[in-house]
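Asker: For the sequence shown, the numbering used here gives the first residue as 1, with consecutive numbering after it.
Since the hints were made in silico from the structure, they are not lab data. What you are looking at is a predicted structure, and each value in this text was computed from that prediction instead of being measured. Treat the hints loosely; a few may be bogus.
Here are the computed lysine-lysine pairs in the BS3-like style, where the Cα-Cα straight-line distance is at most 30 Å [as the list claims (entries may be wrong)]:
no. : residue 1 : residue 2
1   : K34       : K55
2   : K122      : K109
3   : K140      : K190
4   : K42       : K102
5   : K102      : K40
6   : K282      : K272
7   : K42       : K295
Simulated restraints on C-beta separations [as the list claims (entries may be wrong)]:
no. : residue 1 : residue 2 : range
8   : K193      : Y225      : 33 to 39 Å
9   : N218      : G57       : 24 to 30 Å
10  : D248      : G146      : 21 to 27 Å
Using N, Cα and C, we set each Cβ at its ideal position, and we do this for glycine too.
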Amino acid sequence: MLKRMVDNILVVGAGMTGASVAFFLREDFKQTLKLTVWDKAKGTGGRMSTSRCSKDGKCTVDLGAQYISATSEYSQKHASHYEELLAAGILKPMTAVIEGQKDGTKDMKHYVTPKGVSSLVKHYLKKADPDLHLDHHIQKVDIESGSPSKIYVTTQTGSCQAFSALVLTLPVPQVLHLQGNIQHLIASQKEVKQNLENVTYSSRFALGLFYQPGVELNYPWSAKYVPDNSCIRFVSIDNRKRGVESPDIGPSICVHTSVPFGIQNVEEDKEKVKTVIMEHLKEVLPDLSDPIEVKSHKWRYSQVQNLYPESPGCVVLSESPPLILAGDAFTHSNFDGCIESAIAVRQTLCDLLKSKVKL
Numbered sequence: 001m002l003k004r005m006v007d008n009i010l011v012v013g014a015g016m017t018g019a020s021v022a023f024f025l026r027e028d029f030k031q032t033l034k035l036t037v038w039d040k041a042k043g044t045g046g047r048m049s050t051s052r053c054s055k056d057g058k059c060t061v062d063l064g065a066q067y068i069s070a071t072s073e074y075s076q077k078h079a080s081h082y083e084e085l086l087a088a089g090i091l092k093p094m095t096a097v098i099e100g101q102k103d104g105t106k107d108m109k110h111y112v113t114p115k116g117v118s119s120l121v122k123h124y125l126k127k128a129d130p131d132l133h134l135d136h137h138i139q140k141v142d143i144e145s146g147s148p149s150k151i152y153v154t155t156q157t158g159s160c161q162a163f164s165a166l167v168l169t170l171p172v173p174q175v176l177h178l179q180g181n182i183q184h185l186i187a188s189q190k191e192v193k194q195n196l197e198n199v200t201y202s203s204r205f206a207l208g209l210f211y212q213p214g215v216e217l218n219y220p221w222s223a224k225y226v227p228d229n230s231c232i233r234f235v236s237i238d239n240r241k242r243g244v245e246s247p248d249i250g251p252s253i254c255v256h257t258s259v260p261f262g263i264q265n266v267e268e269d270k271e272k273v274k275t276v277i278m279e280h281l282k283e284v285l286p287d288l289s290d291p292i293e294v295k296s297h298k299w300r301y302s303q304v305q306n307l308y309p310e311s312p313g314c315v316v317l318s319e320s321p322p323l324i325l326a327g328d329a330f331t332h333s334n335f336d337g338c339i340e341s342a343i344a345v346r347q348t349l350c351d352l353l354k355s356k357v358k359l
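Start from the sequences, fold in the hints, and give me the full structure.
Answerer: Structure below.
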């Protein structure tokens, strides 16, 4: 009965939260559910993205999340996830030297992703086996009451499809800019609207530097936090950090800017900012070799600074048809936060369907 009431679910966002939501829904509904995932990007991963060198596809760099950190609480709470990911080789304990690293607690465990951090997202998407559509940028969400009630989702290209339930894992500001009667729905819930408007994110830029095989980066660390530069906060020799150095594959470097620099320059063109970052990088690492390629990325929504109150995991905008907001804004900005949000979506959707059956 429950499965017949919601037979066609759309998850918007193919980052860590969206992938884990899809995974949990597939676990619950098996193959009776038509499960669809859309993302505006040309690849999956979101802020857990891995970029390839255009001149050598074997040379990669993580431009978003750099490593996975778990407290003892989450190591126990999400033990099945960590055990599976370790067994599959998606995660492995981090042994790299991170200069200037400050652990929040002494019992924090750190993991790296040998195949790149996007492999985490791909793992969950593969298990979920959704109908995945990339380059699908949603513009409009309309709810139509009736029997059965439907949610109509329209992309920027004008394509419109109907779904029986919708889970949005977009950054909150992007949700607030959607067109359609979803805005009336948000406006009708004043406290929810205010809480959503109060959610804020930090911004930062990232550079990926790619090198030819054989180039040696002679530094005693795998990554380092930079405390005294107005632009750069973090530098990582990415393949060394992930424990996958090879003479056949060129090394790569990831550079993250500081939050103040990101906020100050967030409206600037990323290519213009790339030049500034490279100048600062020469100050931080004056003997750095010239790369064969440099990629830049702007993370407008890097990490949540001001969370949704009480971190509920997700927020229900509509019970019938189910329309749920999820993501790190409703928990916290890391792997465990994404899993927590997905678990909340799973439980919330189950509760909504059970209440409809009772009615």
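Asker: With reference to the structure, classify each hint as holding or not holding.
Answerer: We went through each hint and held it up to the structure:
Simply put, K34 and K55 have alpha-carbon atoms about 38 Å apart, too far for the 30 Å limit, and the pair is violated. For the hint linking K122 to K109, the alpha-carbon distance of about 22 Å falls within 30 Å, and the restraint holds. For the hint linking K140 to K190, the alpha-carbon distance of about 21 Å falls within 30 Å, and the restraint holds. Straight-line distance between C-alpha atoms of K42 and K102 comes to about 34 Å, which puts the hinted pair past the 30 Å bound.
For the suggested pair K102 and K40, the alpha carbons sit about 35 Å apart, so the restraint of at most 30 Å is broken. Distance restraint check for K282 and K272: the Cα-Cα separation of roughly 16 Å lies within the 30 Å cut-off, and the hinted pair is therefore satisfied. For a cut-off of 30 Å, the pair hint linking K42 to K295 stands: about 16 Å separates their Cα positions. Checked against the hint of 33 to 39 Å, the pair K193 and Y225 passes, with Cβ atoms roughly 37 Å apart.
Look at N218 against G57: about 26 Å separates their beta carbons, and that is inside 24 to 30 Å. The given range of 21 to 27 Å is broken by D248 and G146, whose C-beta atoms sit roughly 60 Å from each other.
In the structure shown, a violation is registered for the earlier hints numbered 1, 4, 5, 10, in ascending order.
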